[in-house]
Amino acid sequence: MSNKKIYFIKELCHIIAYLTILLIIFLRLFGAIDVSWDKILITTVIIYILQ
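Just so we're aligned: 49 in this note's numbering is position 49 of the sequence shown, and the numbers increase by one with no gaps anywhere.
Here are the computed distance ranges between Cβ atoms for each label pair:
| id | residue 1 | residue 2 | range |
| --- | --- | --- | --- |
| 1 | 42 | 15 | 12 to 22 Å |
| 2 | 26 | 2 | 34 to 44 Å |
| 3 | 38 | 12 | 18 to 28 Å |
| 4 | 30 | 10 | 25 to 35 Å |
| 5 | 2 | 50 | 20 to 30 Å |
| 6 | 38 | 4 | 35 to 45 Å |
| 7 | 29 | 2 | 33 to 43 Å |
| 8 | 25 | 50 | 16 to 26 Å |
| 9 | 46 | 8 | 14 to 24 Å |
| 10 | 3 | 30 | 36 to 46 Å |
| 11 | 38 | 14 | 20 to 30 Å |
I should point out that these hints are in silico values taken from the structure, not numbers from a laboratory.
A virtual CB, placed ideally from N, CA and C, is assigned to each residue, including glycine.
Let the hints inform the model, and build the full structure from the sequences given.
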C-alpha cells in the first residue's frame, strides 16, 4: 500500500471516531442511551487518541 492510501485510511478512522463521539454525546444529552454506552465512548476516545 502506498503512503497516501495509509494516510487516507487513518484520516477516515479519525473522522469516524470523531463522528461517533459526537453522536454518543448528542444521544446522552437527550437520554436516548444508558450508562453501558459510556464504556463504548471511553473506548472510542482511547482509540481516537492512539491513532
